[in-house]
Amino acid sequence: MADRAFTLIEGGRAWSVADLPDGRTGVINVSQSGVVGVLGAILSGEAWLMRDADGEPPPAGQGKTPYVGLQTSGTTGRPKWVMTTLDTLTAKLKPGSEPARWLLTYNPGSFAGIQVILSAWIGEHTLVVPPYGADVSAMADLAVAEKVTHVSGTPTFWRAFLMALGNRPLDLKSVTLGGEAADQAILDAVAARFPKAAIRHIYATTELGRIFSVSDGRVGFPLEMLKGRLAISEDSTLTVGGVDTGDVVEIVDDRVLFRGRLDAMVNIGGVKVYPETVEAHLLRLPFIQDARVSPKPNPITGHMLIADIVLKDADFPDAMAQIKAHLQALPRAQRPASLRFAEALDIGATGKKSRSL
Amino acid sequence: MTALNLIREELTQILADKGVQIGDITADTPLLNGPLDIDSLDLATLVVILEEKTGLTPFANGFVLFHTAGELAGLFGG
Chain A
874 MADRAFTLIE
884 GGRAWSVADL
894 PDGRTGVINV
904 SQSGVVGVLG
914 AILSGEAWLM
924 RDADGEPPPA
934 GQGKTPYVGL
944 QTSGTTGRPK
954 WVMTTLDTLT
964 AKLKPGSEPA
974 RWLLTYNPGS
984 FAGIQVILSA
994 WIGEHTLVVP
1004 PYGADVSAMA
1014 DLAVAEKVTH
1024 VSGTPTFWRA
1034 FLMALGNRPL
1044 DLKSVTLGGE
1054 AADQAILDAV
1064 AARFPKAAIR
1074 HIYATTELGR
1084 IFSVSDGRVG
1094 FPLEMLKGRL
1104 AISEDSTLTV
1114 GGVDTGDVVE
1124 IVDDRVLFRG
1134 RLDAMVNIGG
1144 VKVYPETVEA
1154 HLLRLPFIQD
1164 ARVSPKPNPI
1174 TGHMLIADIV
1184 LKDADFPDAM
1194 AQIKAHLQAL
1204 PRAQRPASLR
1214 FAEALDIGAT
1224 GKKSRSL
Chain B
35 MTALNLIREE
45 LTQILADKGV
55 QIGDITADTP
65 LLNGPLDIDS
75 LDLATLVVIL
85 EEKTGLTPFA
95 NGFVLFHTAG
105 ELAGLFGG
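Line by line, the protein sequences are chains A and B.
Each residue of the first sequence is one higher than the one before, counting from 874 in the working numbering.
Each residue of the second sequence is one higher than the one before, counting from 35 in the working numbering.
Chain B extracted, bound-state conformation (with noise of 0.2 angstroms):
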C-alpha cells in the first residue's frame, strides 16, 4: 500500500471513532485548518500509526514541516 492510501484509511478510521463527517481525502488536502476535522491530537494521533504501520522515524531528528496528506506520505515513503 502506498502511503497515501495508507493516510487515507488511517484517517478515514480516526474520522469514524470520532464520529464525524468523512469526505475526500487527496494529496492536495490540507491535514490541519482543511475541510477535514481533525486536530492536532488526531494529527499526532496519525503519526503515531504511521511510524507503527511503516517502521519509519521521519520526525527523529525533529520536526519537518508539512501541510497536506501528500506531504506527509512523502515522509513516509510516498
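With the rest of the complex left out, here is chain A (with noise of 0.2 angstroms):
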C-alpha cells in the first residue's frame, strides 16, 4: 500500500500514501478531518463519517469490521446512517491507465464525495481538494490552478461551475454528473465547453451504491435498461431489486426519463406537480444559468410553486416576457405564481438544490 502513487493536495500541501494517518477510527468529522482523516479512517477498518458537524451521532454499538458508516444526505428528510464497507464502495470502481487529477466537488463524507476519493486512490491518481466548505468560485479557481482533468458533481454544481470558470483554460478529459437528474441543456454546455471530455451521468444513491451510469449524452436512460433490477412501480417510481427509489420516472420513446423525486410533489388545485419537471423545462431556455423551483402554501389551491432564477447575463433584455412566454407551454398547475431573479442560488454541503419552504 505504501508504495501506491497516490497523492492528495490539501491544506496547501501534497500528501503521499506514507504521510496518511493511520489508526485514526471511530466518529470522524469530515470537515475538521479533511480528505486525510476521511481516508485514513476507511482504510482502518472502522469509520463514521459525520458530513456535519451538528448531524445526529452513529446509533449505538458497532458493525462486524471493516466498516464504513454514512450519513444519507437527507435532501428531503432527516439523515440517516447506512453501513457499507470499503469492498461494497470500492467494487465497481476501477484502476484508470491514464493519469488523472481528480477535483473533489462534493462533501468529502457523503457517497459521492467518497467514490470520488476512492475513484482517485484506487487509480493511483492525484486528487485535489477545495476547503471545507468552499463556494464553487473557489472550486473553479483551484480546478484552473491545479489543472484538474476528472470532475465530478451535481447538475447544481455544474451550472455555477461553467459560469465561474468563463474562458479560462482547462482541459477535462473527464466530467460526471451526479446527484440529482441531469437535464438536457446542461448535458449540452458541458458538451460544448469540454469538447475533449468523456461525460456521463450516474444514478447512485447511498442506500444503494452506484446503479447505472449513462453516456450518451441524453437525459433519462435507455429503455433497454428497463430490466433484471430496474423495474417502475405503481407509483411510478424507478425500483432496484425491490427497493422504492422515490424517484418519479416516465417512459418517453426510448427513454426512461426523471420526473423528481415522489415525496416532493405537490398537489396544486388537485394537479400532481413535480417542482423539478418545471426546472428541467426553465432550464430550456439557453439565458438561463440555474432555476429553483419551489412550493409555497396557498390557501386556495394547497401549494403554488415559486421560482428563482439566475440569467447568464443579469442584464439579458426582456428576460422576464421570454420566461413567461416559454412557461405557456405548460400544464397551468405547474406554472410558477412568481418569478425572482437571483445572482446566484444556494448549494448546501450536499450540492443539491435546497426546495424546502
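Mixed in with the good hints there might be a few duds.
As the list claims (entries may be wrong) - Cβ-Cβ distance ranges computed for the label pairs, FRET-style: (1) Val900(A) / Asp51(B): 51 to 59 angstroms; (2) Leu66(B) / Val900(A): 17 to 25 angstroms; (3) Glu43(B) / Met1098(A): 47 to 55 angstroms; (4) Glu929(A) / Asp71(B): 36 to 44 angstroms; (5) Leu99(B) / Asp1127(A): 18 to 26 angstroms; (6) Gly1090(A) / Gly89(B): 41 to 49 angstroms.
As the list claims (entries may be wrong) - In the BS3-like style, the derived pairs of lysine-lysine whose C-alpha atoms are separated by at most 30 angstroms in a straight line are: (7) Lys52(B) / Lys1169(A); (8) Lys1197(A) / Lys1100(A); (9) Lys1185(A) / Lys1197(A); (10) Lys1225(A) / Lys87(B).
None of these hints come from the bench; they were simulated from the model.
Positions of the beta carbon are idealized from the N, C-alpha and C atoms, including for glycine.
Each chain sits in its own coordinate frame; assemble them with the hints.
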C-alpha cells in the first residue's frame, strides 16, 4: 500500500500515501478531519463519517469490522446512517490507465464524495481537495490552478461551475454528473465547453450504491436498461431490486426520464406537480443559468410554485417576458406564480438544490 | 399603495397575461364567479404576489373566507 502512487493535494500541501495518518478510527467529523482523515479512517476499517458537525451521532453499537458508516444527504428528510464496507464502495471502481487529477466537489463524507476519493485512490491518481465548504468560485479557481482533468459534481454544481470558470483554460478529460437528475441543457453545455471530455451522468443512492451510468449525452436512460433489477412501481417510481428509490420516472419513446422525487411532489389544486420538471423546462431557455422551483403553501390551491432564476447575463433584455411565454407550454398548475431573479442559488453541503420552504 | 390598488394592478396584469377582457375592479367586485374572467389558479397566483409584495401572510394559520376584492384587501392591510 505504501508504494501506491496516490497523491492528495489538500490544505496547501501534497500528501503521499506514506503521510496518511493510520489508526485513526471511530467518529470522524469530516469538516475537521479533511480528506486525509476520511481516507485514513476508511482504510483502518472503523469509520463513522459525520458530514456535518451538528448531525445526528452514529447509532450505538458497532458493525463487524471493517465497516464504513455514512450519512445520507437528507435531501428530503432527516439524514440516516447507512452501513457499508470499503469492498462494497470500491467494487465498481477500476484503476484508470491514464493519469488523472481529480477535483473533489462533494462533501468528503457523502457517498458521492467517497466515490471520488476512492476512485482517485484506486486509480493511483491525484486528488485535489478544496477547503471544506468552499464555494463554487473557489473550486473553479482551484481547478484552473491545479489543472484538474476529472470533475464529478451535481448538475447544480456544473451550472455554477461553468459560469465561475468563464473562458479560463481547463482541459477536462472526464465530466461526471450525479446526485440529481441531469437535464439536457446542462449535458449539452458541458459537452460544448469540454469537447474532449468523456461525459456521463450516474444514478446512485447512498443506500443502494452506484446503480448505472449513462454516457450517450442524452437525459434519462435507454429503455432497454429497464429490466433485471430495474423496474417501475405502481407509483411510477424507479425500483432497484425491489427497493423503491422514490424517483418518479416516465417512459418517453425509447427513453426513461426522471420527473422528480415522489416526496417532492406537490398537489396544486388537485394536480400532481413535480418542481424538478418545471426546473428542467426553465433550463431549456439558453439565457438561464440555473433555476430553483419550490412549493409555497396557498389558501386557494393548497400550494403554488415559485421560481428563483439565475440569468447568465443579468441584463439580458426581455428575460421576464420570454420566460413567461416559455412557461405557457406547461399545464397551468405547473406554471410558477412568481418569478424572482437571483444572483446565485444556495448550494448546500450536499451540492444539491434545497427546495425547502 | 393601498392593498386594493395593489390588487387592482396585479389582477389587471394577470388578466392581461391571459389575454382576456379587463373590467373595472372595485372593493365590491367578487373575485370568483363574478364579472372577472379568473379562476382559482389565477386567484392563488394573486395571493402569492400579494404575500410577496406586502410581506404579510394572512393565511399562515389557515384559510380565511373572502369573496370580494375589498375583503381580500382587508386581509392584506386594507
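ask   = What hints, given by number in increasing order, does this structure fail?
value = Violated: hints 2, 4, 5 and 8.
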